[in-house]
Amino acid sequence: MPTREVLTLQFGHYSNFIGTHWWNIQESSFSYEPKQPSEINHDVLYREGETPRKETTFTPRLLLVDLKGSVGHLTEQGNLYKAVEKSLPLHSDLWDSENIQVTTEPVVNKAPFIQNLEKGPADGEDAVVNFEDDVTVWADYLVPRFHPRTVNIVREYEHQSLDQPFNVFHYGHHLWKTEQFQEEFSNKIRAYAEECDFMQGFQVILDSTNGFSGLGSSCIQHLQDEYGKSILAFPVIDGKNFNKSLNDLFKVLNTALCYQSIGEHCSLFSPLCVGQNGWPQAGACRQFNHLTYNSELDYHTSSLLATALDTISLRYRQKEFSTSALSDLCADLNKLGRRAAATSLSLPFPMTAGQDLIDVLDDHEGPLWTSLTPSCDISMDKSMQSLVLRGIHHERLKRPPHEAKLQQRKAAYSCSSVHEMMTLYLACSCHATATHLTNLKAPLTIKEPYPNIFNNNIHQNGDFSPWPVGEEVKSVPVLAGLHSGPSLSHMFDSLHSQASRIKSISKLRGFKDSGLEQDELIECLDQLLTYKEAYEDHYE
Amino acid sequence: MAAISLLNPKAEFARAAQALAVNISAAKGIQDVMRTNLGPKGTMKMLVSGAGDIKITKDGNVLLHEMQIQHPTASLIARASTAQDDMTGDGTTSTVLVIGELMKQADLYISEGLHPRMLTEGFELARAKTIEVLDSLKIPIEPTKEGLMDVAKTSLRTKIHPSLADKLTEVCVDAVLAIRQDEQPADLHMVEIMEMQHRTAADTTLVRGIVMDHGSRHPDMPKRVENAYILTCNVSLEYEKSEVNSGFFYKTAEEREKLLAAEREFIENRVKKIIALKKKLCDGTDKSFVIINQKGIDPPSLDMLAKENIVALRRAKRRNMERLGLACGGSAMNSVDDLVEENLGWAGLVYEHVLGETKYTFVEDCKKPTSVTILLKGPNKYTITQLKDAVRDGLRAINNAINDRAVVPGAGAVELAASRALHAYKEQVKGKQRLGVQAYAEALLVIPKTLAVNSGFDSQDSIVKLLEESTALGEAVGLDVTTGEALKPADAGIYDNYVVKKQIINSCTVIASNLLLVDEIMRAGMSSLKG
Ligand SMILES: Nc1ncnc2c1ncn2[C@@H]1O[C@H](COP(=O)(O)OP(=O)(O)OP(=O)(O)O)[C@@H](O)[C@H]1O
Ligand SMILES: [Mg+2]
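Residue numbers (the numbering used here), protein chains in the order written: chain A, 162 to 701; chain B, 40 to 570.
Pulled out of the complex, with its shape left as it was, chain B reads as follows (with noise of 0.2 Å):
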């Protein structure tokens, strides 16, 4: 039984009736810590340890991982929100608010003696019919610059200053449109985040190309180079010392020496390789030469290459070798043996920037960058954390609205607009499950509600406002955070991600159920344990 191993062993003792009470109290604990988090007008936390070590975020499952959660229903909830942010990268804190609602919903009705079971049948058919809602909200897309902008400023704005939000909203836009291909899925690894501590987060910028936190070792070498052939590798240009032979068989150290002086001659030639091919593309004319490989490269084999104004990095990221030949062409050799021009990249500018004790190197100019870099910029560590997790979330909002190939109304309209017609529906359920259905429409109004309450407003009031609204026009409605009226999502380019709400309606029902048939789950359990 899965999810009986996720509770305290403790928890197998304590009788059924109480472990349910537990776990309503445990749900209502982590949506009170994470309430206040939701939306624009949310409350950024900011944790200081008793060192001093800073760490600051809006985002529910930064917070999450931060917390230690103790209680062990409360981790389990933490656990599926965090798996929901694995998942799409947002709406961990929708989550858990849903699921501690729900859970409230559900309290009041089981002290009046209704079985959880009839309430978790009643979920099942109102999240069945919350995605059908939720798929006549779906507004269409096209994968443009203009189709994107709106949900990727959404998703900026709960985690940045709207006028940082603003001036990022464009470079991830601009970074997940560079890096698709012919209607492929993106890959968002080949948007390479690169972090540079300094200054101001508003010099954070898109690099149509590759930057790498390290240069070449040689004093030598030039900082900077057009029109660069690039050649990627995973080949050890270091002299390297097997454990073959063991030192006993050597009759003095100096024997020894000698013998590893032979073994140099192996690495040389191969250095010897690569200068031919440059000899023979590059000599007589303006361009010039870039390695960037895998493995090490040792100081002789520098020398000899910063002779002929040659540029090697040595210890690049793995990953790097795919994204620099999606950036610049070429492949990541794995031999110098028969290398050809086609084997090589091309960029029409690498150049070489120092930033106290870190060299970056900026590869440019690319023709047609299918890899891009966002250097992030900010005065500490912790402000770089925050903008980096602001980024991705953009980045992800974006990839999965391409994805959908549609974006829904955000503000809280999807909630509101399902639990208008949950109460419809709930007419149709017969039987006891309609309490459960009941439940499940009050409790949807927790995003809204909540989106009030950060903002200034009376949960009442704006709900009241929000569902006249929505009755007059017939169409869904959202919260105004700045009037704490109602406003039509579409006009004010409020955007969520399909799949994240989809994600959040159907998790949060699951976890909700399990948790409310703790008993039932307890109750196998505890027989499959004597049987």
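Chain A on its own, in the form it takes in the complex (with noise of 0.2 Å):
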């Protein structure tokens, strides 16, 4: 079967922690052994190319943005296609070298665990690595090197600038207009799209609460017109609760506006947000029995995003039946007008250790997900939804006819693989729910630097004990879903509750400075609720 590729694009700080996360997660799946090998294909999310000394290199389809001074000692080209040269050659080939000045600025220092990342094993002891210290930026943690195409800055805006932020939809739709975008950046897609044989569409992460929704909202309606192919949003809003401020409106009507672009122009999103509320504040944030994160660590929450992400994405990353998972996936979902759904996320998926999946399914109480989506609680009743269990293997499923006992008086025994035993619970659990579901056997790979925020009472296979077992947690089996059901209306009603507390938009400066009218803002309002009735059931 041909690779299907997609093209990844990320839009804004928060999102490329999230991505940052993801490709690690990615590269610590890569196997090396070719008698087993694995059941994703990575060609659908990374290219192959070569580099000018004829190395082969395998990097991510990849194109993200963020703003001046916010990738650390990352460089723009980066360093995997050039020779890296020992000494900045601080001349110019085309000026007098008296006539030049030089405006070095400090030194960016490497965070330690990229110190130990590029070192080599004669280079010396380790640097003593804490990553919930040492991370400020997604670059302290990236693993995979980039294609000298990935990484795009922005020129305008500073990271975390407090004189001019980017803090406004409309500077981010401005900015899709300059040269920068409209040239190098679109070209950069047209030559990532040239590459592909079999393209299925395209995956956006785009911060929603700043200037990035702008700018994302922009590339994605370029990306329908150019390219017509399936689009695949993730509109994303950080975990960390601020003092309550003006700037709170700001994120929200960026939210809106964001929701209301993409609505028209993607064939799918799915808000995501550790937060339960995501607006005005993210709010307390999402329980998962056996984990234990920090709301306030970027690199925390994006990984639990990431982990997500993931994990439904292998519907369309598969080897088997590729064909045209993307198209089918949101197809799945985005009928009747239905263009947002809700992220789900079981991690670890709660498989007692020495119990079998059909115990571990019989015994379960309570919802089986949480929900990663703001303002929304997946109802397991009357949706689409689209779900991936990695990470039961086939052995866990029942015991032998000769040990199984009681297991063979449940309707489950007869369910000869994992596939089947799971839809069958789906569909005994779900009322009026039509469910796809994607199962591989490899689990999710934890290593380093994934945070570590597993109980201890989670085995080193991801299976849970009553009591603390202290191992490291080295894999876990992980359920992750897309689902679009009648909770998303709520997530629309609620934000638009939120953003009808504007009532002028003249209090906004930036908003109104660049180019919003009053107008613009009761139109955004009224699509909300016609995206909110498109979830309405009219049946009952």
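Please note: incorrect hints may appear among the correct ones.
Partial chain B-side listing against chain A, Cβ under 7 Å, derived [unchecked claim]: (1) 84; (2) 85; (3) 89; (4) 91; (5) 199; (6) 209; (7) 213; (8) 253; (9) 338; (10) 354; (11) 358; (12) 395; (13) 423.
These are calculated hints, taken from the structure and not from any lab test. Even glycine gets a Cβ: it sits at the ideal position worked out from N, Cα and C.
Put the complex together from the two separate chains, hints included.
Right under this line is the structure:
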């Protein structure tokens, strides 16, 4: 089966935090063992290339955008394709060297993890790594090396600038019209597309609360106009809670404008945030039974979102049945004007140590997953859903007949595969719901720099015990999904009511000055209601 | 009120007088940063980021983008200057310098108690007079190679080494002349600038045709063909699956795959139509066939085409569709139904060149190429960027000169002549506005003065020499940057664009006036907030 490629785009700092974990997770699942080939077709998201020195490269098929000063030690071009220069050539071939004035910014120090990554085995002791303290930007825990195309730095705005913050949808929208994006960036998209033999489409992660909402939305519109392929978008909100301020309204409005726009131009989108509310503040963080994480650390929260993305996307990245997986996924969920879906995660999928799947499912109480979509609790009923389960081995399905005992009395005992049993379970527990289930044998590999967020009752294979075991977790089974169901109407409703608090845009100076009209605000609010109505059930 | 919204919100609370002082100091500050850039002896600035990214530029516009301009007034000036560049492609540095100087001069008078309103009224009188002087200095030119070489060279030599500038001058002039069609203003987009990271900048060339940064995607396709029909189209030749049918409808994945295979036939028929035309036109002749498609072409389609020796490129740039039409003739097709020979373009030679990961396709020997490509070469990204900026400036200088049908003497000659004329004119101006005219006359001299300083000469000495020489000769003179003496710009072939100078004069006056009238603007703004 030929590879069906997907191009990934990441817009904004938090999006890049998520992306970084995601690419790290993917590298940790590479299999270098020919006898045990991976079930994942890594060519879907990676490209093979060659450096000028004829070395083969395998780099993410990725374009990312961030602001000046946000990429730490990374250079825009990266160092994969050029010889490492010991000292910089501080001259120009084009001008008299006496007449050159050099301004050098202080050298950016590399985080300890990066230092360890780059040094050879002979270079002495590893530096002490403490991610929670070391990580300030996503580049501080980035494992893969990038193609020179990948990193795009916005010159007009500086990271975390207080004087000229990049905090308005329209700033991003205007930025899209500059040469850097109209020419360079669009041309990079084109160059990636040109390399693809059977491109399926695009996956876009974009910050929804700042100017990247506008930049990403404009790009999505461009992708739709220019390529007409499936676009799956994830507008994201970081999980930090700040003091109440006017800025909350900015974020709400950016998010509203973002959903309005991408709802029109992408195939499907799923908002992500570890906070329960998302707006006007992230709110209390979502709870997972066996995890402890710090919702104020982007490094932590983004790893959960990345885990969900890595798992959900397996549907269109697996080697089997790949022909039009992304368009099918979108088509399954975006019917009837339903452009948004909720994302769920079960991490780890709760396999009790020593038990089989049949018993685990039978004994399970409460929802099987946690929602990662703000202001949206996912119901099991009346939904269209696409789920991916990874890491339950066939041997954990049930006992053979002579050991089965009570298991044999359960209806599910007749199921002969994980896929079959899980499908049966979902059919029984989700009312009026259509489920597409993808099932992979291999679990999620847990490896540095994935944060250590597992409670101490988790075994190294991801099973859980009622008591502490103190093992280093090496892999975990995961269930994640996209759900299109009635609960999305609550999400739109809640965003609508928050955005409706903005009575007049004249208070929000940045918006007014950059061209938002009062009419557009009203239109945006109306559109949110239209999206909401698409989820309402008129048959009851 | 548009002007106030450009200011920092905090500024609303600054008292008006303070706001004025702030504006003046900001204007001076940004002038200090840019001063050393001006002219052919200006300083190149190299910025090395903390991670080692290098940016190098002498272009005021680029610098303004690179510097983080935090001060609202400074960023207002910066934005105005970049707007200047967007319109004419040149004159950013001069704009910043003249605004700064107008503010400095104004400061002297205001501190003596003059009302800013008097100054700005004087500025307006002076502006009108300066435009008159500028018009009188216009030198008509013909849009020919001879007529355009000097103005192009002047522009390029302010951005790159003279030896390289002289080589690129010809490349740029030839490019613009090639794309010009019967007296119409040239569309510079029809000069494609293609980058190639390779060897030295001196290898930069003009290709009379189109160069694309991609090639055929099939190993069996010819790498070089002659006498080629060129089909440019925007037709998908790849299997695409719409989102109409959801995956739920299929019982098994295998069943799904089968249905998809059926959908491919549709694409195959398109390819067959192209092949039919190719067979009709080329088989049995020495002609060949090239497809350049804006949409995708998948491997099965490529296979079919390769068997027929057809060269096929996919995902061409949208703009190249138009360029190809201009270079080769033919038109971009949105359908392959009813294709006929007249739809096709023609090129004498199409070949591929591979450099690292990138393939380049050259489409050359076109009959009358009205779209061309400048192939920029340089050893690294920042050199190429620098070269590209210079070439862009050069192209726009040529185009401006064609549109103006004129040039004006450079090397500070316009500013010097205008300054002299203003000193004479101010005698006729009554009232305190006269002081504004005087300030303006002084401020314009910042250009020749800075050119002198940047060339290592004393600004006072040079100005005196130029003024004397100009009085003696009774005509406009400029500064010789190698001797510090006066020269006749026409003799030395130093010309600037008329439209650029005009823009500089107009926008500097408006911006400086706005900055000076900040208190009035603010009061108006405040009352409108209250009312
Ligand atoms: N050979 C020369 N001798 C003297 N003066 C020159 C010469 N060439 C150009 N100049 C002068 O240099 C000035 C232009 O300098 P420069 O191009 O560096 O700045 P700019 O056009 O104001 O801004 P930008 O950075 O946008 O190009 C003009 O006043 C021009 O007349
Ligand atoms: Mg210039």
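Status of each hint after checking the structure:
no. : hint : verdict
1   : 84   : holds (5 Å)
2   : 85   : holds (5 Å)
3   : 89   : holds (4 Å)
4   : 91   : holds (5 Å)
5   : 199  : holds (4 Å)
6   : 209  : violated (17 Å)
7   : 213  : violated (21 Å)
8   : 253  : holds (5 Å)
9   : 338  : holds (5 Å)
10  : 354  : holds (4 Å)
11  : 358  : violated (9 Å)
12  : 395  : holds (5 Å)
13  : 423  : violated (10 Å)
Violated hints, in rising order: 6, 7, 11, 13; the structure is consistent with all others.
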